[in-house]
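Residue strings, one per chain:
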Amino acid sequence: MPTVSVKRDLLFEALGQKYTDEEFDELCFEFGLELDEITSEKEILIREQGDEKAEGASDVVLYKIDVPANRYDLLCLEGLVRGLQVFKEKLEAPRYKRVSPADGGEPQRLVITEETASVRPHAVAAVLRNITFTQERYESFIELQEKLHQNICRKRTLVAIGTHDLDTISGPFTYTAKPPGEIRFKPLNQSKEYTATELMSLYKTDSHLRHYLHIIENEPLYPIIYDSNGIVLSMPPIINGDHSKISLNTKNIFIECTATDLTKAKTTLDMVVTMFSEYCEEPFTVEGAEVVYPDGRLCVYPELAYRTETLSGDFINKRVGINESAESIAQLLTRMCLRSEVSGEGDLIQVEIPPTRADVIHACDIMEDAAIAYGFNNIVRSTPRTYTIANQLPLNKLTELLRQDLAAAGFTEALTFALCSEEDIADKLRKNIAETRAVHISNPKTTEFQVARTCLLPGLLKTLAANRKMPLPLKLFEISDVVLKDETKDIGARNNRRLCAVYYNKSPGFEVIHGLLDRVMQLLDVKPGRNQGYHIQAAEDSTFFPGRCAEIFSCGKSIGHLGVLHPDVISRFELTMPCSAIDIDIEPFL
Amino acid sequence: MHPMADNGLLESVLRLVEKVDGGTDSQDVAADLGVDHQVIVGAVKSLQALGEVISAEQKSSRHWELTGEGREIAEQGSHEARVFNAIPDEGLPQNQLMKMPSGKVGFSKAMSNKWIRLDKAHEGGPRVFKTVEAIEDTVRDKLQLVQKGQSAKLEDKEKNELKKRKLLSEVTVKSYWITKGSSFSTTITKQETELTPEMIASGSWKEKKFKPYNFEAMGVAPDCGHLHPLMKVRTQFRQIFLEMGFTEMPTNNFIESSFWNFDSLFQPQQHPARDQHDTFFISDPALAHEFPQDYLERVKKVHSEGGYGSQGARMLYKLAQQEKFTPVKYFSIDRVFRNETLDATHLAEFHQIEGVVADYGLTLGNLMGILHQFFTKLGITKLRFKPAYNPYTEPSMEVFSYHEGLKKWVEVGNSGVFRPEMLLPMGLPEGVSVIAWGLSLERYVDTHI
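Going line by line, the protein sequences match chains R and H. If you're matching positions, the first sequence starts at 1 in full-length UniProt numbering and goes up one per residue. If you're matching positions, the second sequence starts at 1 in full-length UniProt numbering and goes up one per residue.
Everything labelled a hint here was simulated from the structure, so no lab data went into it.
Computed from the model, here is a short list of chain H residues facing chain R with C-beta under 8 Å:
no.: 1; residue: Cys224
no.: 2; residue: Thr247
no.: 3; residue: Pro250
no.: 4; residue: Asn253
no.: 5; residue: Ile255
no.: 6; residue: Glu256
no.: 7; residue: Asp284
no.: 8; residue: Val328
no.: 9; residue: Ala348
no.: 10; residue: Leu362
no.: 11; residue: Ile370
no.: 12; residue: His372
no.: 13; residue: Gln373
no.: 14; residue: Met397
no.: 15; residue: Glu421
Keep in mind the model is a prediction, meaning the values are calculated, not measured. Every residue, glycine too, gets a C-beta built ideally from N, C-alpha and C.
Work out the full structure: start from the sequences and follow the hints.
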């Protein structure tokens, strides 16, 4: 969930009202935002870098507000204020308009060459005319681009935004791709020219830019945008040129978005221009730019598309569980920047979805907005009349019953991780990893999670090790799932419910573990005996001490082992006392 | 710790206690019986161990006692008196007098008392003569008073002077004030520690006295096992769902294909949850197979034209394959996994609790209603809902409850109505809504058992 940080006083000034922290928190909650933190630059610096670094830092109050991941229109102060003002019915949602250049001039043009196809094939562009920046507006403009880059642009992999002072460059612009050795320009905030190859190594150590290098690093051709005089605007998605950089005094802005996903590029461009056209001489107008594709197709951007959906008041009432007139639902939706009116036909409502609300895909999204405007907490809570009879999963029912009885038998339940290291289920148990039928994880962050466990024993032995200081004997059990490879399943693996118990004391206590088996079998109503009953017989298993291991058979089927653990196993789990264990599959008893 | 007292002594003490009303001091008892006070202290402790025979309250008192030198003087007289008495009428040569044990101290004291005089010019060397006929040895008299326990007759000034001369010292004595106990008796009966089968058989328990129990001590821990606290909470949640008519889903497949985990849940292809950073992917076996082909095609269509794992996708698909749709309520509580490095606040696996209801015409109000019932069973009654975003539900609501301890609203779960884009490809009839909620079991371990 993205977090937007705004200056409190600036926010209240824009909202035309002062709130207490509690009141503002309440407003956020109602609207689906979360006032996550109240802080200041100084406080943040103190927390992150200590008191000294924070000296002289601003102690202007900052609100950190969590915004839902699909609401790109709320990622800056401008958008937040507009959304809240419309919600509070203090403002009508503005209508965003694409306009042609004044005085009948030619629109700006961006020509895409075919070389871009292999690396980053899409581009869109637009112009903001006669904009007035203040320090705060300028910072917000930069911040919004960063937020979009992190979210909808998926860390610049899908879309990268470049903004330029139009008065320093001259169109038409060319978006092409070139070998890195042939690209040479002075990048943003550098004092000399570099080739693209040099830039890639320069930015290797840049705490911010190094995260984006991988996007094009191994491509034979790098994306690059030139103006008609060969001046580099940007090398997306890494860096802009220094020449065209915007400043507080910039009046006219050329915005380009290059992308691997055209839909996301259009949305991103719409977001930037709808948010900041507010500061243009003619607010909420955006000058269109032409984009020419390699095949000669010409498109004008930004799209700023409005679309209309028609749905019935009844649909909304039924889905939300309220009973409002079509007119009042239309009013609710209008408060969510979805300008709506009743069509006059029955209870049909025409809902206009503005370019800022790319998150509205389906009628259910509109329904949700109506519910938010109505107030989730104003909806009457009612019990569904769905009549059903409950059933337990037989395997879980059996597990629940056995757990109670094992605890009653004096063993304490452990809860251990289902993931572990290869070593835990192989080397430490004196087994070969290839024979374990273990499911392997390809991308674990730590070696603690290389495989799904194939038996419960390592978890219990680790629990023993962590509780060595407790008085002896230690008696633990766990009934849980292990995972085994299984070709017959669609996912190639299956869970297996196991019962495992250990007895750790100065003497091995085989008879204690054996007694536990007898008790479990008594509970499962299996009598001792060779055929229809259960019995144990001597077996060899490398995890156990030679001559001290038996295989357990129930109704003629092997269900597990019990015995005294091998001394090497004991010491590999950093234990020092003899230990006996039982490990059985309980699924045959269903 | 204290000398064991024999029964004879104990009974002598008891007889003394019997004679006095209001009690007696152990020091007086010692004096009366002519034994050392420490012996009586031992006797008091032995009597206390017998139960309520006596009650003894410890007290401390200060009193004056003779030092070794003081005792010697009380017996033999003060040094000066001994010097005086040693001098015959014809006098004594000084050097001879000085050889006496009390010579030096006695000489100067007797001189300052003007009991004797020194004739330095005497022929045959300096010689000492008595100057008075008789003396009164007040030092000895005073010390004898203290020895008799009558130090109160002396003035403080006098006592301090004797103290200065190291003849007296003031000591603190711990003694007991002994009174009769509720079961006072002058005969000693041995107390039994425990009732035995023999006593029951013979009836001898009727005559025996039993040693009192110490009810302040802790009991012996029962020899039993325990269930894991988190698993106990899981049982509670299972019980709540069962009480509410929810059927348990088979979720015992920790390994799930990306198709069921993401695609079927309408999780966008580029959603962060699909990242290597967040999800564990399997290298062996690497690929899943045998998907329901036509459903897969429909899901693919939704994705191309148009998170976090919910366990329910497979069950909803199965539900949709029924000839005629029947409403269901499902739940599951099982492990879920995410790619994390372990620390105090991050777990790579935890337990997800999930409830799902599928029926015709379910409303958002229904979801809130059922959540209200669910949480009420947990003892959480103050709930409110915040609009939120999940890729597979719309509307989505975060559930907050008011925490009386923290005095604020805290998030307790997530919920929503499944998107039609997810349900329709499964083949669920139009008009069927599916409401669902989820929460983590680990969150509740502190609050409920």
